[in-house]
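Chemist: Sequence:
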Amino acid sequence: MGIYEGITPRGALVMIFASLGGLLFGFDNGWWGTVLGEKAFLCDYGTTAMVDGVETCNLTTSQQSAGTGVGSAGIMLGCAIAMYVNNIIGRQKTIVTMAVISIVGIVIEMTSAVGGSARYGQFLAGKVINSISMGIACNVIPIYLSETSVASARGFVINMYQMVQIIGVIVASGSVYAVASRTDKSAYFIPMGIQFVAPTLILMVVPFIPESPRWLVWVGRKEEAVRATETLFKTETNGFDAVDYVNKLDAAFQEAKEEARATGWGDLAKQPDLRRVLIAVGIQSLQQAQGSSYMTNYIVSFLIGVGVVNYFPVIMGLYCLYFVTICTGNFLPDMFGRRPILLSTSAFCAATLIIVSILTTAFADPSSSVQKASIALIFLWYASFGAQSPLIWIVTAEAAPTRNREKVLGLATFCGFGVQLIITFVAPYIQDAGYGNIGSKIGFIWGAFSLINIGFVFFFVPETKGHSLEQLDYLYENRVATRKFKGYHFADNVLATSGNAVDEIVVEDSEEKKQDLA
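Following the working numbering, the numbering of the sequence shown begins with 1 at its first residue and continues without gaps.
Heads up, some of the hints might be wrong.
Stated by the list, open to error - List of simulated lysine to aspartate or glutamate pairs, EDC-like, C-alpha gap at most 16 angstroms:
#1 K248 / D267
#2 K222 / D244
#3 K222 / D250
#4 K222 / E236
#5 K486 / E463
#6 K484 / E463
#7 K39 / E55
Hints listed in this document are in silico derivations from the structure and should not be mistaken for laboratory results.
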């Protein structure tokens with residue numbers, strides 16, 4: 001089966017519409033990460049000082065830390081809310097809720113500059129509310145995409161979220177760059193206002209997005225599930241049997257309910273769900289610890305630290321390269337699997353950032369050649385991390401079990417953004433002069449966590465390529481060892497039954513089930 005087989009034109013359009021939720025993240029990260037180098041914003045919201053007869057404007061270290069940190073806090077709150085809202089009202093209505101919250105937050109952000117002087121506290125309040133919508137988005141969108149895709153192309157479909165997110169980053173960063181020479185409020189009003197595009201588009205396309213068939217099955221609405229399935233997978237010529245598909249989903253769900261004693265929080269502390277929780281939490285947390293949030297929010301500071309003066313063109317180049325490598329998630333994970341890409345990109349990320357840090361340590365006043373070498377290495381880091389980023393969301397979505405999907409994904413993203421919160425609050429104090437003053441040598445820390453990620457993936461993250469979500473439930477339930485997932489082949493495209501042919505021996509004995517999960 002080809003990796004794109006089973007995707008219908010209408011189903012692909014639904015995936016694109018659903019992926020627009022990634023724009024919420026993209027616009028916020030893009031404009032905030034670059035506006036920190038824009039004089040008009042810094043003068044209105046920050047402090048002004050005369051240095052050698054030249055007016056200099058900056059946010060204080062505490063302002064910069066709070067501006068990025070409250071965003072992470074809002075995302076964490078959104079993740080916590082999503083665990084319940086996603087399950088109670090369904091995926092479609094959760095997407096609507098997410099868009100409405102975003103609009104409220106953006107309005108509060110923009111009105112913070114109306115009047116005589118800009119109010120940074122009000123701006124932060126709006127940023128928190130907008131970030132809540134992003135926390136909901138990073139839960140509902142990957143869940144929806146994973147539940148409405150065919151197994152062979154699940155990596156491609158989930159990666160749409162990342163692709164749309166980076167498009168938002170590029171557009172928002174480009175808008176800041178385009179108006180950077182302005183000296184009035186429009187220099188930051190325009191980038192702020194562009195954020196309205198994301199929730200507005202989402203509200204416009206939601207009527208064309210069917211509810212997740214899997215969620216409908218889980219809440220006992222099988223007839224609606226059949227109609228939603230037909231919307232996603234049926235064409236006039238492919239003969240797709242939506243009723244049979246929904247019956248299989250229902251059979252798998254009923255079996256999962258019978259095997260599980262509970263679907264609450266306590267279930268997550270027991271095997272096999274505990275294993276899946278640790279995989280999802282670990283991969284999300286280590287993504288942030290490798291420098292993801294730092295490079296997004298403090299890239300201007302990092303580039304200044306390695307001696308770059310004209311950083312806007314460099315940032316735009318980095319984001320464009322990041323988007324190109326993100327696009328490899330459309331085919332690499334489904335062609336070669338999850339583990340090889342995670343391992344190789346983590347090694348490359350570690351090497352590039354550690355070398356950059358060595359250069360900034362060895363050359364306190366970097367020459368032109370050292371600056372160019374550092375920029376080239378940062379470009380290589382972005383390329384490698386771009387290839388890795390889709391895998392983070394793919395692995396997280398696939399690690400979440402059927403009976404506790406919302407809780408596991410919500411907990412994983414909550415913990416991941418908790419790590420981001422720590423990093424964004426602490427990083428300015430580690431690198432800024434007058435505090436830790438280590439500058440761009442902070443890359444040693446992120447490089448070390450990339451090395452840790454190699455070990456984590458090798459020992460704990462199984463290969464999930466080609467398996468349906470129901471088949472993954474089966475493999476985890478039977479305590480299959482991490483490096484043996486790849487050897488299992490099922491006769492059915494959805495179900496995992498005892499009659500399926502496998503290359504590996506299915507673990508049956510209760511004592512064997514207690515074996516080392518690695």
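Chemist: Would the pair K486 and E463 pass a check requiring their Cα atoms to be no farther apart than 16 angstroms?
Modeler: At roughly 6 angstroms apart (the allowed maximum being 16 angstroms), E463 and K486 satisfy the hint.
Chemist: Is the straight-line distance between the alpha-carbon of K484 and that of E463 16 angstroms or less?
Modeler: OK: K484 and E463 at ~8 angstroms, within 16 angstroms.
Chemist: Has the given pair, K39 with E55, been kept, meaning a C-alpha gap of at most 16 angstroms?
Modeler: With a Cα-Cα distance of about 10 angstroms, the restraint between K39 and E55 holds, given a limit of 16 angstroms.
Chemist: Hinted pair, alpha-carbon criterion (16 angstroms max): K222, D244. Please report holds or violated.
Modeler: holds (11 angstroms)
Chemist: Taking only the CA atoms, is the gap from K222 to D250 under or equal to 16 angstroms?
Modeler: Between K222 and D250 the Cα gap is close to 8 angstroms, so the pair holds against 16 angstroms.
Chemist: Taking only the CA atoms, is the gap from K248 to D267 under or equal to 16 angstroms?
Modeler: violated (24 angstroms)
Chemist: Check the hint pairing K222 with E236 against an upper bound of 16 angstroms on the C-alpha distance.
Modeler: Not satisfied, since the Cα-Cα distance of roughly 22 angstroms exceeds 16 angstroms.
Comparing the model with each earlier hint shows violations of hints 1, 4; every other hint is respected.
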